[in-house]
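Protein chains: 4
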Amino acid sequence: MSVPYNIESSKYNLPASKRIPPIALPFVSERALKTLDVVEKFVEEECIPADVVFAQQIGTATEARFAAHPQIIEDLKVKAKQLGLWNMFLPRNHFSQGAGFSNLEYGLMAEILGKSATASEATNCAAPDTGNMEVIAKYGTEAQKQKWLTPLLDGKIRSAFLMTEPDIASSDATNIQLQITKEGNSWVLNGSKWWSSGAGDLRCQIYIVMGKTDPNNSNKHLQQSVILVPASTPGITINRMLSVFGFDDAPHGHGHITFNNVRVPLDHIVLGPGKGFEIIQGRLGPGRIHHAMRSIGAAEKALDWFLARINDQRKKPFGKVLSEHGIMLERIAKSRVEIDSSRLVVLNAAIAIDNADAKSALKEIAIAKVLVPATLLAVIDRAIQAYGGAGVCQDTPLAKMYSNGRTMRIVDGPDEVHMLQLGKNENKRAEFAAKKIEFQRIKGLRLLEERGLKPVDPLFLGRVSGGVAKL
Amino acid sequence: MSVPYNIESSKYNLPASKRIPPIALPFVSERALKTLDVVEKFVEEECIPADVVFAQQIGTATEARFAAHPQIIEDLKVKAKQLGLWNMFLPRNHFSQGAGFSNLEYGLMAEILGKSATASEATNCAAPDTGNMEVIAKYGTEAQKQKWLTPLLDGKIRSAFLMTEPDIASSDATNIQLQITKEGNSWVLNGSKWWSSGAGDLRCQIYIVMGKTDPNNSNKHLQQSVILVPASTPGITINRMLSVFGFDDAPHGHGHITFNNVRVPLDHIVLGPGKGFEIIQGRLGPGRIHHAMRSIGAAEKALDWFLARINDQRKKPFGKVLSEHGIMLERIAKSRVEIDSSRLVVLNAAIAIDNADAKSALKEIAIAKVLVPATLLAVIDRAIQAYGGAGVCQDTPLAKMYSNGRTMRIVDGPDEVHMLQLGKNENKRAEFAAKKIEFQRIKGLRLLEERGLKPVDPLFLGRVSGGVAKL
Amino acid sequence: MSVPYNIESSKYNLPASKRIPPIALPFVSERALKTLDVVEKFVEEECIPADVVFAQQIGTATEARFAAHPQIIEDLKVKAKQLGLWNMFLPRNHFSQGAGFSNLEYGLMAEILGKSATASEATNCAAPDTGNMEVIAKYGTEAQKQKWLTPLLDGKIRSAFLMTEPDIASSDATNIQLQITKEGNSWVLNGSKWWSSGAGDLRCQIYIVMGKTDPNNSNKHLQQSVILVPASTPGITINRMLSVFGFDDAPHGHGHITFNNVRVPLDHIVLGPGKGFEIIQGRLGPGRIHHAMRSIGAAEKALDWFLARINDQRKKPFGKVLSEHGIMLERIAKSRVEIDSSRLVVLNAAIAIDNADAKSALKEIAIAKVLVPATLLAVIDRAIQAYGGAGVCQDTPLAKMYSNGRTMRIVDGPDEVHMLQLGKNENKRAEFAAKKIEFQRIKGLRLLEERGLKPVDPLFLGRVSGGVAKL
Amino acid sequence: MSVPYNIESSKYNLPASKRIPPIALPFVSERALKTLDVVEKFVEEECIPADVVFAQQIGTATEARFAAHPQIIEDLKVKAKQLGLWNMFLPRNHFSQGAGFSNLEYGLMAEILGKSATASEATNCAAPDTGNMEVIAKYGTEAQKQKWLTPLLDGKIRSAFLMTEPDIASSDATNIQLQITKEGNSWVLNGSKWWSSGAGDLRCQIYIVMGKTDPNNSNKHLQQSVILVPASTPGITINRMLSVFGFDDAPHGHGHITFNNVRVPLDHIVLGPGKGFEIIQGRLGPGRIHHAMRSIGAAEKALDWFLARINDQRKKPFGKVLSEHGIMLERIAKSRVEIDSSRLVVLNAAIAIDNADAKSALKEIAIAKVLVPATLLAVIDRAIQAYGGAGVCQDTPLAKMYSNGRTMRIVDGPDEVHMLQLGKNENKRAEFAAKKIEFQRIKGLRLLEERGLKPVDPLFLGRVSGGVAKL
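Protein chains in written order, with UniProt numbering: chain R, 1 to 471; chain W, 1 to 471; chain A, 1 to 471; chain G, 1 to 471.
Read the hints as simulated data drawn from the structure, not as lab findings.
Predicted model, so just to flag it, every value in this text is computed and none were measured.
The list treats identical chains as one, so a pair stands whether inside a single copy or across any two.
Simulated crosslink set (DSS-like; lysine-lysine; CA at most 27 Å straight-line):
#1 Lys334 - Lys316
#2 Lys424 - Lys220
#3 Lys363 - Lys275
#4 Lys363 - Lys334
#5 Lys320 - Lys334
#6 Lys454 - Lys77
#7 Lys34 - Lys443
Could you put together the complete structure from these sequences and hints?
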């Protein structure tokens, strides 16, 4: 098939490598620039058209949908590998197994991937595998790596990350209740997990599970451990999948899973008992950047759809296409302001991680985590409104995108947790700020004194008992 | 005076050079980093304490206030020159007369300057002189430079920029009406201008005036000229000053000025007749970056005051200091998110100008122009609310800062003009976006066909006359 | 089953009749007050618990879901009739067939009905039957009434209203394209409709169709006609149902329907050819009030769920239940402010209709139409956020409520159309406003003159050529 | 002067009595309707034109401004009395001395009064006299009434209410510190007050002061007393006046006052020691309604100015008057939605007070207190933006109105206090809400059981160890 829209030809259609904000350019290698354009061509011309095939190949009945593995995904994977688009997510600073890009460089690619339902998996850059691979690569034993990391890196199997639980406020990870108790040569797991994303896919063979090995440890951050649990281990039941605004996200899905005396060998623990909190803290940083950049891409896609709709010559309410109604141009502008500022925030956070690690980029990550979903939802919502009925139904990707976007305000910690953390950290500056202001006030008084001036209030009155006082 | 707060000592008090967003760092030279910290020390320890002296030295009655020139300004200028803090605003790419910094580097300094009422003038970086100096340096003749640029660069005189007019919609510069007609060896000016900022200062000796030399030119952008008019030219009357909310901004102020047969020699025109539009377009870009970065600084200052207030141990409504009431931490976090994202937007625009020129950075400048004042006003408003009565009156700088900030949504083009421009430009992509979406749809159908699949709607019903149709 | 929560006992649990805003009370009869409490008891104790049965009785596969008629609905209808809760929607001012309440009185009941998925149909007050019954009762012939109104009033059949079309901007009703041409003794319909809500239900036997009988009439509001079309007429195909986010709203649903030479007798037209626009204008007023009040009820329900969640003692992030985190109380308060102000707006519009008719209440209806969905979505969104994962999935009614609520910004005219109309109408006052302000200005000058005062500007300067002018 | 704009003639210019929301009409007597139109004519045709005279008669220098008493006020008072517009604020339910209107009826009048700077005082309905008169009329002794209430009712003197203090968080009235100690036959006052509005006026002869007579009382609400203090009592100093965004609000003003051994006779206490809290609670309810309705009037005035500006034919940015740019119509509509909904909220609160008292209308008053200033500021801000430079300076009333409006979010308790109270009260319903939801859930399960149905999750999977479980 020849390319029906010339990706080089128009100034309104610069390739991705030419659209990078100038402030980010010094951080992007020549190789990454080239790869970025390959990613874009692959996503726009191969993956997005394939999304509809994926949807058809999944089928309709729930059970079938969660047993499906659309062939189109494998077709795309072959192409992606041929193009060298594979495992771009593994940052070169920390891992040798990836494609050798920085978090920032991959972030720019993730933006493009975020425009398609199939592109992330097609390039083996799909959550939660990405974070899971990072965990095993960073903390796993050689045996763990051989058993699980190798097939994950090859895209042969998939994985899930089981942390959230239904019965507690799991926005606070110290509340986790799933028990991991040592019995002889085994760790025995009991409890339940939900929002186990990816668990619906029959190719999901390994669960990375967070639980408590030492629930009574006085240090709340040493109670947790992370353990590798093969999906086929007896005692595990995927009771049901969770919907997101009516969508089941099959075959990937979000599982509600119970563990009933699930036994795994002792060597399945990662890094050691009590290291769970440390592990997940490192895991979440880059993952949030990935989510955020994919969300930026989704917002750009929604804006594309918005533009297409408001200039549709067949749709003229009150005699004018929508873009001629002034409020629509304002909405475009708002979207552009929000998207561009959000992108800068994420890229800045990516660099902060690249420069050091996720822990030292807490503030930048938190800002990105909170700002981006708000932008995404606002932009999609405007597009939905422009499409009217077509915006909420199956005829545009918008309603599904909104549903995904809405979960971004919840997953990996709800907005409120990040805002609270941001607020608390910033508030630590308060004492210094107060001292500085007080110093400046006192020095001001001294400067006046040195000049023989009194600090007279601009509205000094000095009126006594109804009269006027003397100065 | 010994330093009462140790600018190096605390992790909550990193010097400015350590607070630069990581994404901006590659653009900042070692020299600029050092200068930045000198600027901060100068502003926090010298200028802000001096602000109160400035206020006292202006006096009270209107006429006196607009005849005042507070000595403290000259004292600060001496110190600033000693510290090498002079004319930092003139970008090294385009001018040899300045301190040799880029727009981005100066932007970071302007943020600090924006925290004080005296700092910008103390370092000869105050508007509108900055933009005026750029105009003369870039477009002026040698004679014009010698006469006006030299004393301006030395901080000996001040200047005003006269563009806005009271009787027209001057958000659209093509509406300008002041007449400039050639009579013999003179240009003769008739008309009126307002919001002539800086015209209140008796040291303001030169006006840069925009008017029409060719009002009937069919090209609306060739009708205007820019001309230099000495403030003492007969025929000029400063009728009154304009207040901002209830503030007069003396002695600088905002003048309402009439021109009645004001004659200047022919060589006072800048660049030539009909070049006015071209000149102001170049002038406004960097100026918007300066305004924006000073606004970022003002927002940081408001946040400092906010932090100081909500942790004031003497103020405990309902038994807790305000920071212990949850909503205050959320407001800190919102402010941090808004300030940090706005700063990135401005720095990115500064780099876009540094990389090429203001014209090619239109989008980035427009985004900064719109986003920053909204952030500034939101942050100040939260601080005002935390202070209650003290927030709106003379006891904090907040009400004055709010008033200044509110004008930022109006000066150099109101929000709406920039949003309209942003929206229109982005909308030019619409045709491409629509074509791309259509291509993807058609290619999707072909992919289905190739696989022998029909595109079945997920909610296909096919019910005929109350029954069910065949596929 | 005994009542497990005593609806009379607590001051936090006043019955609906005691929660009416005082300003609305004079408009509510004793009989309506009593009925309102019966409605509440029926909805809270019978209908909401039945919602889950309804969901189970629909089944899973698409085709089955749209062939289902859950028995629980019929069970509830029997109870509702016994309680005298039937056809309350038909306003007493205009119709004799209803329960004899005003629009305001029914509005208060609709609020309660809006809390349950089954309550509106159980009391024969479900859209679109309500509006359709009004149309036939008001404009129909005796034959039309006997054939369709009688079984509709009895709840024996259901109906759909077919106006919106997929290929045009149908927010502007003059764009409607479905052709209705006279051929011999028949009207022949060709075209397509979508968002035909209710068409999914097999009991839906009659379509009220809007189309064009006179597409070339120079008066754009005389081109349209409304015609009654039995669902079983040959040539009609329900191609598919439309989803709302991922929900299908079965069995009711939203149909995409084509008309291919569909023939109905000439007497099936309502009121006469060319009367279509007039009919729908009258139809939409009360319908918007119903939607709005049900939305108020939904918002109250979401707030109930929010309260339940933030006080859940099992969910303590960071050691405190959510309601002890300050921001949650602020969110409750915001929700209360928004709900209570929105309710007043709707009730005021209902009275405006009761006092005269929908046409003279255009402004009030438009305000309600725009304000209420915004309130509803804001309140639900807060609840979703408080529930986290449970908020977006099938474990709470919130995601489904949000989806419904989102369509409220689109159906019966998108927000933008109503805002445009409101803005245009209000703008007609501009000339008078300008004249009034000018009069006041001139009279002020005269008052000054009479007192021998000159209007001196507060910042008068009058400085000439660098000096100071004389007054 | 003949009426230059015919208040009866146009449908865009209905008199106030015809613009009352239909839902409020039953509460308005014929006499109030007539009076309302007289108020409107007086305000629009007499007071607003007089506002400029008032401003000129105050003068310029601070001391003079706070010694001024513009004659125009007395002229207007004569006219107002002739028209029967005097003391309309005293509600007929509780007082015999007023004009005999309800809080709702006066509320409608206060809306009109709120459009002028002079109208409230001209009709003796100005704060803080209104609340002060209510206090003395309700709680005062005969002697107190004769001495102070009579001249206040006659408009001969003015008064101030001294509650807020500079050194504490006085949003929480229990923090008040001013000491009132009994010494012999006197109460002796020591402490300081600020935001003592009205204290600037030389005619202000009586202060109603809140202080602590029993600071150690274990009941925090019995520590306070209210006491009458003549302004001329020795020991009182009005140190200075407080500005509001640069405005001094002279001669009324906001005083910062100190009490240094100020002695008043024992009989100057109101109602008795320890009754302070009770008194101010009753005082604030109607006052908040007055403020709110005046704010509604101010918002209407701002909208008038907005309309005048966006239709000004001399101001055409980009070739069109502003109202033809689509976003302006949307802003009109937003303003109309916000104003109309806010008005309903205030009127509903007024009726709640009329029906019983302020205490039982806490919720309704709090909603009005929070919602109205937000509306007012939003509407004025839009008008300022439309006017550009003219909007922030002395050429329109907008900047001054914004400044006043901004204080409305602070006076009589900041937004946050009211939101907290609203949130806490509403949260008391939580237990009931949770029980109701639980009841409904359990009853739903029972209904299923009765019908032999199992509650199957819509996405039931029941997959065990990678396979599929049996139901």
